Amino acid sequence: MNVIEIENLSFSYPDGQEALKDVSLTVSERETVGFIGPNGAGKSTLLLHLNGILRSENGAVRVFGLPVEEKHLREIRRRVGLVFQNPDDQLFSPTVFDDVAFGPMSMGCPEEEVRQRVRRALEQVGMSGHERRSPHHLSVGEKKRIAIATVLSMSSEVLVIDEPTSSLDPRGRWELIELLQALPLTKVIATHDLEMVRVLCQRSILLDEGWVVADDLTSRLLSDLPLLVSHGLVPPPR
Amino acid sequence: MRHAFIDQYSDLDSLVHQLDPRTKTLVVLAFVLTVMATPPMAWLSLALCAILIIGLILLARLPPLYALKRSAVVVPFVLMIAIFLPFFEGGEVAGSYNVWLWRVSVTYDGLIVLWNVIIKSWLSVLSLILLSATTPFPRLLKGLQRLGVPRVMVMLLSFMYRYLFVLADEAMRLGRARESRNLGGGRIWQIRTLGNMVGTLFLRSYERAEHVYQAMVARGFDGEMRTLSELRFERADLWFGIVCSLCLAVIWLTALR
Numbered sequence: 010m011n012v013i014e015i016e017n018l019s020f021s022y023p024d025g026q027e028a029l030k031d032v033s034l035t036v037s038e039r040e041t042v043g044f045i046g047p048n049g050a051g052k053s054t055l056l057l058h059l060n061g062i063l064r065s066e067n068g069a070v071r072v073f074g075l076p077v078e079e080k081h082l083r084e085i086r087r088r089v090g091l092v093f094q095n096p097d098d099q100l101f102s103p104t105v106f107d108d109v110a111f112g113p114m115s116m117g118c119p120e121e122e123v124r125q126r127v128r129r130a131l132e133q134v135g136m137s138g139h140e141r142r143s144p145h146h147l148s149v150g151e152k153k154r155i156a157i158a159t160v161l162s163m164s165s166e167v168l169v170i171d172e173p174t175s176s177l178d179p180r181g182r183w184e185l186i187e188l189l190q191a192l193p194l195t196k197v198i199a200t201h202d203l204e205m206v207r208v209l210c211q212r213s214i215l216l217d218e219g220w221v222v223a224d225d226l227t228s229r230l231l232s233d234l235p236l237l238v239s240h241g242l243v244p245p246p247r
Numbered sequence: 055m056r057h058a059f060i061d062q063y064s065d066l067d068s069l070v071h072q073l074d075p076r077t078k079t080l081v082v083l084a085f086v087l088t089v090m091a092t093p094p095m096a097w098l099s100l101a102l103c104a105i106l107i108i109g110l111i112l113l114a115r116l117p118p119l120y121a122l123k124r125s126a127v128v129v130p131f132v133l134m135i136a137i138f139l140p141f142f143e144g145g146e147v148a149g150s151y152n153v154w155l156w157r158v159s160v161t162y163d164g165l166i167v168l169w170n171v172i173i174k175s176w177l178s179v180l181s182l183i184l185l186s187a188t189t190p191f192p193r194l195l196k197g198l199q200r201l202g203v204p205r206v207m208v209m210l211l212s213f214m215y216r217y218l219f220v221l222a223d224e225a226m227r228l229g230r231a232r233e234s235r236n237l238g239g240g241r242i243w244q245i246r247t248l249g250n251m252v253g254t255l256f257l258r259s260y261e262r263a264e265h266v267y268q269a270m271v272a273r274g275f276d277g278e279m280r281t282l283s284e285l286r287f288e289r290a291d292l293w294f295g296i297v298c299s300l301c302l303a304v305i306w307l308t309a310l311r
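If you read the protein sequences in the order shown, they are chains A and B.
Just so you know, this note's numbering puts the end of the first sequence at 247, numbered straight through with nothing missing.
Just so you know, this note's numbering puts the end of the second sequence at 311, numbered straight through with nothing missing.
With the rest of the complex left out, here is chain A (with noise of 0.2 Å):
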């Protein structure tokens, strides 16, 4: 079953700047996917378009089916979750736990279970015990997880991750990848941490200039070696 399809999807910002042009893919149930490219390809730009945070007149994107529109918004953003690329801004409340159970809340979950759901998700990310402490003063590791255990909370089917390693250190980087890796979801993961997504994903999409430049397993793709040259992605041989 298809989770996602986007067909021709165009989309420019309002300073006319064309940030996707005619983008049409496929995710399907349980897959684990990486939308790969160079800074300003349009990955970022993509991934909002996925629960409906920014819309195009020009093309169709559908999430289970579901055409990507305001009286679907709602369940989409359910189960689809969104995690930011900075952790600064995706987490806005005063302690861990309001914010892993701000999505809870705003299901309308009742008290008990918003507080069985908090716990499972800071579970999920190893982050138990951690409910009372400010945002503030977590580390970049830590931050990245708790942002992630913000989207477990709301039972989202799909995980929809940006850059979720970048600024982190090897051993925070590592740890991360094996987090994602032992999540029973569908991923997308926006990146250019070539060695994340040959770990993590089967298939990836390549990404540039708005353009979809190609689609196909990840080990094919990524041992097309003048393709990832030719679009920044590895340096060119000396």
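Keep in mind the hints are simulated off the structure, nothing from the lab.
Treat the hints with caution; some may be incorrect.
To spell it out: a stretch of chain A is covered by chain B in this simulated footprint if at least three of its residues, at any positions, have a beta carbon under 8 Å from a beta carbon of chain B; those stretches are [claimed, not checked]:
1. 83–94
2. 103–115
Chain B stretches covered by chain A per the calculated footprint, using a threshold of three residues with CB under 8 Å from any CB of chain A [as the list claims (entries may be wrong)]:
3. 103–117
4. 191–197
5. 258–269
6. 280–288
What follows is a set of in silico ranges between Cβ atoms, one per label pair, in the way DEER data are often shown [claimed, not checked]:
7. A/Met10 to B/Arg227: 45 to 53 Å
8. B/Pro130 to A/Ala191: 51 to 59 Å
9. B/Leu83 to A/Glu84: 40 to 48 Å
10. B/Leu133 to A/Ser137: 17 to 25 Å
11. A/Trp183 to B/Met209: 33 to 41 Å
12. A/Pro76 to B/Val252: 38 to 46 Å
13. A/Pro47 to B/Arg115: 51 to 59 Å
14. A/Glu132 to B/Leu69: 29 to 37 Å
15. B/Arg230 to A/Leu234: 51 to 59 Å
The structure displayed is predicted, hence computed values, not measured ones.
Every residue, glycine too, gets a C-beta built ideally from N, C-alpha and C.
Following the hints, put chain B in place on chain A, whose structure we already have.
Okay, now just chain B, sitting in the frame of chain A:
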């Protein structure tokens, strides 16, 4: 970077710390009203107010020096406003001075107004320090919300608490980046770069606000802020409320005489 938070010392343990934030907010409000309503020459009442608040600060096991330092923060603001009062009030003249071309007089009434402003603002600030230093900020927010403070205000305070130090860090990083490349230059130029920094900081905050809003919407935000409330009035709240009300009532009586 780590910052001393607004609610530093709020994780200590004392009778005052354990109280429900609503109890403390209401008592502090009543205290401030009492201080405001006390005439400036009611020495006994003002002394009792001071004893009450200092006693509570000691009861809360806050370091007295910390409270004193924090309360000193308001002094410049109060002085700025109040320092000219003695010169403009009418009444009996306490002293006259020649300052260059003008003849300046200080009146007794004016001095009383000055004293009035200083002592009252200081006592009020001490009580606010007691409240903020014994209540973790998130709990204080919940208390305010339960007391019926408009949701927008509570949300504003909550974002302030969350992002104040994120912004402070950002400002610090900008400052360091500037210092590293700052090899002199004229004063005008220096001021101009400072202006640019402030502008950059504003733009970044603006962008961050946009991102935060997106993150909230992505998780189903629909304009309403829901929080779980784990607040409960205990027996201690009742006793604390009664004792403080009695003290304040006595202060009112001494002021009436």
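Okay, the hints, checked on the actual structure:
Taking a C-beta to C-beta cut-off of 8 Å, the region 83–94 of chain A contributes 6 residues in contact with chain B, enough for the three needed, and the coverage statement holds. Check result for the region 103–115 of chain A against chain B: holds, 8 residues qualifying (beta carbon to beta carbon below 8 Å, three or more required). Beta-carbon proximity to chain A at under 8 Å applies to 0 residues in the region 103–117 of chain B; the threshold of 3 is not reached and the given coverage is violated. Check on the region 191–197 of chain B: 3 of its residues sit with their Cβ under 8 Å from a Cβ of chain A, so the three-residue criterion for coverage holds.
Counting residues of the region 258–269 of chain B whose CB falls under 8 Å from any CB of chain A gives 5; the rule of at least 3 is met. Beta-carbon proximity to chain A at under 8 Å applies to 3 residues in the region 280–288 of chain B; the threshold of 3 is reached and the given coverage holds. Distance hint for A/Met10 and B/Arg227: a CB-CB separation of about 46 Å, consistent with the stated range 45 to 53 Å. At roughly 55 Å, the beta carbons of B/Pro130 and A/Ala191 sit within the given window of 51 to 59 Å.
Take B/Leu83 and A/Glu84: their Cβ atoms lie about 44 Å apart, and the range 40 to 48 Å holds. Taking the beta carbon of each, B/Leu133 and A/Ser137 are about 50 Å apart, not inside 17 to 25 Å as hinted. Under the hint 33 to 41 Å, the C-beta atoms of A/Trp183 and B/Met209, about 38 Å apart, fit the expected range. Range check, A/Pro76 to B/Val252: about 44 Å between beta-carbon atoms, so the 38 to 46 Å window is met.
For A/Pro47 and B/Arg115, the Cβ-Cβ distance of about 57 Å falls inside the hinted range of 51 to 59 Å, so the restraint holds. Take A/Glu132 and B/Leu69: their Cβ atoms lie about 35 Å apart, and the range 29 to 37 Å holds. The hinted window of 51 to 59 Å between B/Arg230 and A/Leu234 is violated, with their beta carbons roughly 40 Å apart.
Violated hints for the displayed structure, listed by number in ascending order: 3, 10, 15.
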